[in-house]
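Asker: Protein sequences, first through last, are from chains Y and Z. Residues in the first sequence are numbered consecutively from 1, following my numbering. Residues in the second sequence are numbered consecutively from 1001, following my numbering.
I should point out that these hints are in silico values taken from the structure, not numbers from a laboratory. Careful, some of the hints might be misleading.
The list that follows gives simulated cross-link-like pairs (lysine-lysine, DSBU-like), each with its CA atoms no further than 35 Å apart [as the list claims (entries may be wrong)]: (1) Z:K1272 with Y:K485; (2) Y:K282 with Z:K1272; (3) Z:K1466 with Y:K272; (4) Z:K1455 with Y:K485; (5) Y:K292 with Z:K1466; (6) Y:K489 with Z:K1383; (7) Z:K1232 with Y:K162; (8) Y:K162 with Z:K1272; (9) Y:K417 with Y:K31; (10) Y:K466 with Z:K1031; (11) Z:K1282 with Y:K272; (12) Y:K355 with Y:K31.
The primary structure of each chain is shown beneath.
There are 2 protein chains.
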Amino acid sequence: LDYQHVQVPFEITLWIMLASLAKIGFHLYNKLPSVVPESCLLIFVGLIMGGIIYGLNDRSPPVMDSDIFFLYLLPPIVLDAGYFMPSRPFFENIGTILLYAVVGTIWNVFGIGFSLYGICQVKAFQLQDVSLLHNLLFGSLIAAVDPVAVLAVFEEIHVNEKLHILVFGESLLNDAVTVVLYKLFRSFCEMPTIKSVDVFAGVGQFFVVGLGGILVGLSFGFTAAFTTRFTKDIRVIEPLFVFLYSYLSYLTAEMFHLSGIVAIISCAMGMKRYVEANISLKSHTTVKYFMKMWSSVSDTLIFIFLGVSTIGENHEWNWPYICFTVIFCLIWRALGVLVLTFFVNRFHVNTITSKDQFIIAYGGLRGAICFSLVFLLPDFHRKKLFIAATTVVILFTVFIQGMTIRPLVDLLAVKRKRESAPTVGEQIHIRFLDHLLAGIEDISGHWGQYYWKDKLEYFNSKYLQKILLREYDQPKSSIVLLYEKLERKHAIELAQAGQLAHGPAHPSFLCSAFLCSSSDRTVITDQKLEDTPNPEVLDNMQEILARNLYRIRRTGPAYNRHTLPGDSEPTERAKEILILRHKSL
Amino acid sequence: LDYQHVQVPFEITLWIMLASLAKIGFHLYNKLPSVVPESCLLIFVGLIMGGIIYGLNDRSPPVMDSDIFFLYLLPPIVLDAGYFMPSRPFFENIGTILLYAVVGTIWNVFGIGFSLYGICQVKAFQLQDVSLLHNLLFGSLIAAVDPVAVLAVFEEIHVNEKLHILVFGESLLNDAVTVVLYKLFRSFCEMPTIKSVDVFAGVGQFFVVGLGGILVGLSFGFTAAFTTRFTKDIRVIEPLFVFLYSYLSYLTAEMFHLSGIVAIISCAMGMKRYVEANISLKSHTTVKYFMKMWSSVSDTLIFIFLGVSTIGENHEWNWPYICFTVIFCLIWRALGVLVLTFFVNRFHVNTITSKDQFIIAYGGLRGAICFSLVFLLPDFHRKKLFIAATTVVILFTVFIQGMTIRPLVDLLAVKRKRESAPTVGEQIHIRFLDHLLAGIEDISGHWGQYYWKDKLEYFNSKYLQKILLREYDQPKSSIVLLYEKLERKHAIELAQAGQLAHGPAHPSFLCSAFLCSSSDRTVITDQKLEDTPNPEVLDNMQEILARNLYRIRRTGPAYNRHTLPGDSEPTERAKEILILRHKSL
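Turn these sequences into a full structure, and let the hints guide you.
Answerer: See below:
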């Protein structure tokens, strides 16, 4: 036995296997996932596993490595989120999302930080040694709403598109703010004195981190699109480029201390439409499938690890600090959403209702990002207290809020997502209105959303498409593409429907008459060939032959006289077979 | 800049990216791959990169790590090979393949080992210090035909199926022999005295390694098939199980010092038919696509690394030893094939022609397995000589033999692979003959190939399918599955053909009439709406409307009077649209 040799890949494979099997297990019982969100179940599995490891080894189970989380587990989820981001609602609400993500996060960080510092001044709680900077640092890591946790819960409750994109978009874009504030406060903690220059540098850094991430992402995205122009002869490696370039954008951004999440999202959103047009249909299926698969596995692993890491001896319990952290997280988020939405609603016709505001505030789940950041803290004497508080906040938000949000959505009758996809007619009208509004904005001189969208579209079709698309001379409209897709889907459905209608007659007949597969042969021998001359079977046979062996009569005699090869052209014949079949349906 | 933090994933991604871009580059020039095999080009790229690294750093570039090769690069290729192995020719020729793989490899090992020992006895060559055991150890690593190199060359020359499976099957199955002999001689080298018990243990070990590999592989394969029974609700992680279980089978086999290659091949071949039946069509596309993609990337990386690792200072040059190694490799392989084929042909009606024998002997390419094994040798004073000899043999076989085998196949007019797939009629007849032969063998009491195949098929349909398939009550015959597949393919083709026929008219019409996408709008404005009332366009419009907006007249008036929702049932209507379209073709 040589375990050492294969240990690393073996253990990785086993963890992934465990995650996948856990997922299967939950879905075997249909009722369970409808009550408890999957994320809770996975954390629960993790807790049990952590308990087992702790019990067997008598020492703390291994904690989720922050490097593994940020380098390997987070990127697939964010890539998936970015690639499948509904771009229309996202860009329609980009202003609101940015307000929540930037101002809202800063509000939460300082709100939580200062009020916890206030708690620390109470002598009875024995927390006077926790400085203001440490509290702000803690606030910066605990304030960030987690995209993984939000996605896990919101994918199951099907709220309306706008509400979903507001919470989810915020959770993605607040990464830039979190990164800057976290690193700022961490470096402040290590500095002897803080100059005002440093504070201003921090404010400037925010723009560098965010915009730099977008820039890195878009450049990698466009390079990816450009690369897929040349893969016509080797379709098989096409999906690879989508993954490689997005991952490189993430790593490059992380390398330069920019926001990796923002970079990978810009990369995915930038490349999507060009890559989709360049690569083959099968490649695209593979890309979509693998992205979903990877993100699903990463997601599962993160929650399991979260559970495993909770068990152990790296916690310092302090009732007041932990309780007040949870309370302040809730209060400041609610206040922030209320205040910000008040301003947002003043400038929008389509306002955010108070029900939606409640769900936005309530959906601010914390997750693995906070957890990884708290372990990345430099060692100081109260680190274990911070770890305990973070763990409690995560478990509270994921379990209590995650489990009650679905009943609350039902109770409040929050507007749900429409079930059906928009019809082609609706899509055409939406397009039409877009162009109309762009025209109105152009004439009225108002540089609004539609104006910029139109300009961008013009730039895209005039320059970008020519560079990035393989067949740029005839750019297909998305409606035509949709039409083709529907047509194809339809044809498959028809073929399958035809199949299903004949299904019960076919296999049994083919099996017994032509195939004589060994088991059938045995059966026939056992029955002493009793049912072979059965008139019913013969009728059935004739009917199937008449239906399927089309034109056998016509080509039969013609074959001997003048066999014109063009006469029974295969596609022509096949076409008529299909038509005949559909008629017979 | 924080490069340290992201170094590992960043460099891995860059290497894969380099490999993919190199592949694209070669395919941009269509003529190049038809003359020089891709493997040669990739080694060449590796040599150049190695030269650059050597020139810049002034020290040997990093050598391909044997662990990375055996744990990460080899499994995807072997999995791909096993999964797409044409099982019929493989099992039809299993006897011959095993003879070549087992007896042939042993023949080569001892032939090369002993004759090189003979060369070492010549005083003028200054090689007296290389013992017989060391020569046999060297023989055991240099005798193994490499599946990666064979696949890379034979996939391009399209020889007939039997010839291909003979060479390729041998290269896969000789792994068990190579593993045993290599480990045996390596342990003998370290033993003070060798007892006859050890030799017998070695012979016994061969069976353990080979059969153990099959057992491990099959058990993981069946577990994988069983697992996919329960993935109906979460289709998205289905492909994962195929990869996870196969990789686990490889790692488990390696862990117990069994043959990992044999294990992963048995796993893939064992699971294939059940998994295919259980998972969805899209999952299956993803599995196939990703397997091909991964193996293609691994393959590329292996050859590039092979090139990079060749450059450096770990070679000891000894002309006679290296030249005689190349010569003996050629001679003993040729002799082995001749002798073994003589016996094979005596017992078979369908003999192996002398042309085929030549190609089998000539196709014995060495590759990365030898290279990795030679670096795994324990340190002794002549290791560098062995490394040099191995490198020369690999480069000689890949470059000289790999580049000349295609012209030789053309020159000898070796029977090629048939281009077209067998028709359904042919397949039915082959099945029929199989059953007939099984019956004849059963009656005549001859327990031949067909008898066993029939028994296996019976066992499969009676027990295995019931356990491993989700819908076991109605097992579909492979002919029915083929029929469904053809039907589906056909429907897609028809839809696309219909699309293409309308293509030129549609997009332009739709764009100008409905969509008014910004660029079109600009164009129309430029043309001052001149062509809108063009009668030709109007005719075109009417024709398209008549063709596509089916039943618009009938549902129009009916809508106001008695709107029966069941009247215009969507599937019914869509069906008739498709039929109308096909008629109009």
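Asker: Given the hinted pair K1282 of chain Z and K272 of chain Y, is their Cα-Cα distance within 35 Å?
Answerer: holds, 20 Å
Asker: Sort out whether K485 of chain Y lies within 35 Å of K1272 of chain Z, counting only the CA atoms.
Answerer: It holds: about 30 Å lies between the C-alpha atoms, which stays within 35 Å.
Asker: Hinted pair, alpha-carbon criterion (35 Å max): K1455 of chain Z, K485 of chain Y. Please report holds or violated.
Answerer: Not satisfied, since the Cα-Cα distance of roughly 46 Å exceeds 35 Å.
Asker: Sort out whether K1272 of chain Z lies within 35 Å of K162 of chain Y, counting only the CA atoms.
Answerer: Violated, because 44 Å separates the two Cα atoms, which is more than 35 Å.
Asker: Straight-line Cα separation of K1466 of chain Z and K272 of chain Y no greater than 35 Å?
Answerer: violated, 43 Å
Asker: Check the hint pairing K489 of chain Y with K1383 of chain Z against an upper bound of 35 Å on the C-alpha distance.
Answerer: Status violated; Cα separation ~61 Å.
Asker: Just to be careful, I want the Cα atoms of K282 of chain Y and K1272 of chain Z compared with a cutoff of 35 Å; is the pair within it?
Answerer: holds, 20 Å
Asker: Are the Cα positions of K355 of chain Y and K31 of chain Y separated by 35 Å at most?
Answerer: holds, 27 Å
Asker: Given the hinted pair K292 of chain Y and K1466 of chain Z, is their Cα-Cα distance within 35 Å?
Answerer: Roughly 31 Å separates the two Cα atoms, so the pair holds.
Asker: Mind checking the alpha carbons of K466 of chain Y and K1031 of chain Z for me, to see if they're no more than 35 Å apart?
Answerer: holds, 27 Å
Asker: Between K1232 of chain Z and K162 of chain Y, is the straight-line Cα distance small enough, at 35 Å or below?
Answerer: Holds. K1232 of chain Z to K162 of chain Y sits at ~31 Å (cutoff 35 Å).
Asker: Run the distance test for K417 of chain Y versus K31 of chain Y: straight-line Cα separation, threshold 35 Å.
Answerer: holds, 22 Å
Consistency note: the structure conflicts with the earlier hints numbered 3, 4, 6 and 8.
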